[in-house]
Amino acid sequence: MGVQEQYSFDVEALRADFPVLDRKVGGDPESPGEGPGDDTPLVYLDNAATSHTPDPVVDTVADYYRSYNANVHRGIHQLSQEASVAYEEAHDTVADFVGAAGREEIVFTKNTTEAMNLVAYAWGLEELGPGDNVVLTEMEHHASLVTWQQIGKRTGADVRFVDVTDEGRLDMDDAADLIDDDTQMVSVVHVSNTLGTINPIGELADLAHDHDAYVFADGAQSVPNRAVDVKELGVDFFAFSAHKMCGPTGIGALYGREEILDSMQPYLYGGDMIRRVSFEDSTWEDLPWKFEAGTPSIAQGIGFAAAIEYLEEIGMDRVEAHEDLLAEYAHDELTALGGVEIYGPPGDDRGGLVAFNVEGVHAHDLSSILNDYGIAVRAGDHCTQPLHDEMGVAATARASFYLYNTIEEIDALVEAVGEARDLFA
Amino acid sequence: MGVQEQYSFDVEALRADFPVLDRKVGGDPESPGEGPGDDTPLVYLDNAATSHTPDPVVDTVADYYRSYNANVHRGIHQLSQEASVAYEEAHDTVADFVGAAGREEIVFTKNTTEAMNLVAYAWGLEELGPGDNVVLTEMEHHASLVTWQQIGKRTGADVRFVDVTDEGRLDMDDAADLIDDDTQMVSVVHVSNTLGTINPIGELADLAHDHDAYVFADGAQSVPNRAVDVKELGVDFFAFSAHKMCGPTGIGALYGREEILDSMQPYLYGGDMIRRVSFEDSTWEDLPWKFEAGTPSIAQGIGFAAAIEYLEEIGMDRVEAHEDLLAEYAHDELTALGGVEIYGPPGDDRGGLVAFNVEGVHAHDLSSILNDYGIAVRAGDHCTQPLHDEMGVAATARASFYLYNTIEEIDALVEAVGEARDLFA
Amino acid sequence: MGLGSDMYRQQILDHYKNPRNYGELEEPDFTHVGENPSCGDTIQMDVGLDEAGETIESVRFNGDGCAISMASASMLSERLHGMAVEELHEMDTDDVTEMLGVDISPMRVKCAVLGRQVAQDGSKIHRDELDPDDRTITEE
Amino acid sequence: MGLGSDMYRQQILDHYKNPRNYGELEEPDFTHVGENPSCGDTIQMDVGLDEAGETIESVRFNGDGCAISMASASMLSERLHGMAVEELHEMDTDDVTEMLGVDISPMRVKCAVLGRQVAQDGSKIHRDELDPDDRTITEE
Ligand SMILES: Cc1ncc(COP(=O)(O)O)c(C=O)c1O
Ligand SMILES: Cc1ncc(COP(=O)(O)O)c(C=O)c1O
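Chains as they are written, first to last, in full-length UniProt numbering: chain B, 1 to 425; chain S, 1 to 425; chain P, 1 to 140; chain C, 1 to 140.
None of these hints come from the bench; they were simulated from the model. Hints are supplied without guarantee of correctness; some may be wrong.
Quick list of in silico lysine to aspartate or glutamate cross-link-like pairs, DMTMM-like style, CA-CA up to 20 Å [what the hints assert, rightly or not]: (1) K17/C - E313/S; (2) K17/P - E359/B; (3) K17/C - D10/S.
Covered by chain S, per the in silico footprint, the following chain C stretches (three or more residues, Cβ under 8 Å) [claimed, not checked]: (4) 19-31; (5) 64-73.
Predicted model only: the values in this text are computed from it and were never measured. C-beta atoms are modelled at their ideal positions from N, C-alpha and C, and glycine is treated no differently.
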């Protein structure tokens with residue numbers, strides 16, 4: 001194809017770090033990890049759901065358990081010192097990666113979803129009330145949509161949704177209408193996990209700040225793929241998950257501006273987040289520990305930092321270039337195939353994923369058939385049910401790319417989609 | 001000593017599964033995992049803070065990443081099927097282990113602390129109000145003490161503390177006085193992480209149920225060490241953490257009786273916990289998924305099940321016998337040493353830990369000195385500050401044991417404590 | 001190829017493209033609707049019984065969904081003709097896959113059994129064994 | 001042996017067991033209390049200055065805590081005699097460990113520096129450079 005020559009780094013060499021990419025599929029799914037019962041090589045295009053984890057990250061996690069496993073923060077013994085330093089410095093690594101001022105602005109959470117809930121509970125439940133409103137978009141992931149919807153119900157605050165245009169972009173006129181002086185929070189997805197749209201966070205932040213509202217950008221699909229600087233974006237809160245960016249499951253981060261986090265009451269209560277406790281009352285630890293109650297996800301936090309170091313070694317600009325290349329190629333080839341409807345903006349202006357439907361083929365059938373070809377895509381509503389309702393479809397198939405995916409894998413996808421189309425014709 | 005002959009399993013052979021036990025300490029704590037700068041063998045007696053993780057568990061986690069890493073629940077492709085089956089079955093394994101009816105009664109949380117907060121938020125914030133009360137004990141861990149204290153403040157409910165006797169036991173007469181018809185919840189630690197006391201959960205559950213109150217037992221220090229059956233205990237809620245029982249960090253479990261969990265509103269909102277979402281409202285998934293929002297801690301959940309299988313292979317009765325042996329031996333030897341004050345019940349009636357102070361030596365100094373001998377103990381308030389205030393000390397040193405600890409390690413502890421005592425004499 | 005391809009044998013595709021007994025009964029003895037939310041599948045089953053109420057005499061189904069759920073409902077609608085209601089109640093997942101004649105991959109079983117579940121639940125409601133407010137949902 | 005043992009050299013133990021300048025000043029120019037919550041260490045420093053307010057003339061400390069924090073406060077109280085206030089303000093962690101003459105393991109640094117921090121914060125409050133409501137806490 002000659003497209004490989006455009007790769008911004010040595011993709012084939014990098015694939016060696018991901019043994020799961022050598023999986024053959026077709027085995028007995030009831031016996032995971034027991035190896036293939038078939039010879040179909042895996043083509044993994046479900047990276048927006050979760051990315052794979054390279055050996056250096058898996059090894060970092062294993063090394064924690066094998067060399068210096070201990071509880072953090074309060075131990076005087078050496079293992080605890082080592083674990084504490086590594087866990088606390090992981091916050092610095094994450095902070096640096098997204099341009100936060102320091103560890104005091106980075107709270108480790110379970111995932112993006114918990115980060116959203118943390119702010120909804122610790123800030124929203126306290127600050128919102130009847131007459132206030134929270135502005136979302138029609139393309140929000142359930143992580144923010146359901147959370148603010150339910151917090152709205154509990155506090156009496158109104159929840160509004162910025163329209164999505166036919167091209168899959170935010171209607172910024174509608175945004176300007178909806179965001180008003182009663183708006184307390186604008187919660188918006190940075191890169192849509194269904195449409196691939198890259199939203200104009202800076203503009204939305206300006207709109208929100210003009211009305212003294214906060215902005216929470218959901219970076220679950222942006223941080224894995226592009227260089228992000230929260231200060232440049234001008235957001236007040238930002239969240240992302242390690243498992244979508246070469247990191248372990250079970251860990252994510254909330255960025256919050258220090259003044260705001262400082263003014264917020266705690267969210268989870270327990271050990272490690274307190275300063276003094278009596279039977280009557282308690283006082284709280286400094287940031288970010290105030291928001292990390294109980295034994296934290298130590299191994300996963302350390303693994304998160306290792307994932308960031310892995311990505312930084314490649315360079316986020318190169319990762320983004322690779323995603324752009326694959327997304328545009330997939331968009332073009334699926335379009336050329338015919339009988340395929342693709343959702344969202346054009347191929348040269350989107351994050352690294354393509355959601356589509358094939359005429360006459362239900363997305364779940366399509367996904368089953370692609371699975372027979374070893375191709376892993378996601379079929380469903382991708383946690384954006386209301387957006388799917390707006391698009392008038394129950395489900396879409398979504399192919400999403402990451403740094404180890406290749407042009408050949410997209411060729412395999414396109415060919416298999418063609419076969420499915422013909423099967424149902 | 002001859003005491004080894006009383007071991008209920010081959011402790012030396014088992015230690016081979018825990019490479020961290022071969023650590024030498026004295027190296028540079030700023031460079032974790034880079035190996036020792038000294039030759040002092042590690043004696044790890046900080047298991048109540050966190051236990052070590054055996055190779056079979058570490059390998060299970062690594063194998064997930066290397067062989068079938070994928071997001072769960074909704075994927076049709078094979079990796080997602082494999083990951084889903086393994087993650088969902090991990091709930092069954094945990095349910096079986098503690099005698100729950102099935103996966104619908106087991107919610108995976110970050111840790112014990114989050115499990116407590118889940119109930120405090122999803123049940124407590126809704127159900128508690130002025131006039132109600134929650135009964136705790138003076139020996140509660142901050143995980144429950146601070147949580148109910150703060151939920152009490154937010155709802156207007158009264159929070160009461162059952163007295164601890166001089167011998168470190170619950171004053172059951174006081175419990176009978178405090179638990180009344182306005183009591184909605186009795187939240188009590190099963191095995192105290194400071195005193196080692198094994199509390200009479202069954203009796204407390206009867207008291208609570210006589211007054212139509214729920215019982216939440218904190219099993220963080222009991223499940224790792226003894227066979228637990230939540231139905232036999234008669235509790236309504238129960239919680240524990242994998243990292244204290246050979247499992248990964250970042251995962252724990254909440255047991256809740258199905259009828260109660262079913263009647264509760266969700267806690268965290270987002271993907272995977274919903275059935276239908278519109279812009280206006282949402283409906284919820286079945287148990288336990290209703291309480292697991294967002295991408296779960298998949299690798300850690302699978303690792304949790306592997307830890308349970310590891311423990312079951314040894315047998316929980318044997319684990320308990322080993323803990324009893326070590327706790328009694330340590331209690332006796334430290335008592336015999338002289339100049340040591342030990343907190344809590346006698347040596348033959350306690351969980352596998354001993355908290356103590358040496359006359360004239362601050363616990364932090366003691367811990368520093370023990371660290372020089374390679375001995376890792378915890379010094380501080382062990383997240384029971386109010387209990388320490390009651391005991392009239394700012395801090396205690398705590399040695400806590402697990403299945404890989406030996407009589408020789410306790411001998412080393414006792415000898416080093418003696419040296420510290422003499423140094424300060 | 002793995003399990004899935006097998007799922008789209010000619011017979012399945014034929015039933016999907018040309019569903020049998022598609023539509024509604026004018027005077028069904030019972031009618032019931034169920035869904036499989038994760039796929040967005042929805043199926044309605046209309047059933048007519050004999051005088052004794054023991055044997056199924058007529059069946060129509062309609063709805064929207066993936067090939068597996070639609071083909072399975074279509075094949076079921078043929079199978080149910082003349083079947084004793086008792087026998088319907090005894091149909092389990094194995095009977096459905098046997099009827100389909102293909103291996104169903106685990107994540108698609110809920111699609112395959114939707115039609116059967118709707119028919120069973122409809123009959124149970126008809127017999128007052130199930131609360132009519134209970135919705136039929138095939139999802140674990 | 002590692003870092004820690006070194007911490008309990010004779011000099012440290014001597015200052016711990018026989019603290020110098022222990023007590024309170026009758027008329028201090030400033031007095032301040034600080035704590036290290038995780039250890040439960042609490043230290044009060046009373047300081048008297050010369051007429052110009054530039055040189056430290058008298059120091060007393062009291063409190064409760066581990067050997068490192070107490071010995072460090074005791075040694076500091078000796079060192080401060082006759083020291084320029086400016087010099088006190090310039091003291092950093094290295095100066096404290098140098099004064100102690102031993103390596104301080106990372107988790108104990110907050111104990112070692114508590115006395116110095118209390119003295120510095122007290123002086124800053126005296127100079128109106130710090131809000132008197134700010135508590136002195138040595139914990140990262
Ligand atoms: C009795 C008790 N409860 C609760 C906890 C909290 O556990 P985690 O930190 O895993 O949430 C602990 C451990 O620190 C404990 O010992
Ligand atoms: C845009 C977006 N937001 C939020 C999430 C939720 O992330 P997590 O499941 O890791 O909490 C996802 C991924 O599923 C996503 O794509």
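For each hint, the structure was consulted:
{"no.": "1", "hint": "K17/C - E313/S", "result": "violated, 52 Å"}
{"no.": "2", "hint": "K17/P - E359/B", "result": "holds, 13 Å"}
{"no.": "3", "hint": "K17/C - D10/S", "result": "violated, 46 Å"}
{"no.": "4", "hint": "19-31", "result": "violated (count 0)"}
{"no.": "5", "hint": "64-73", "result": "holds (count 5)"}
Against the hints set out earlier in the document, violations occur for numbers 1, 3 and 4.
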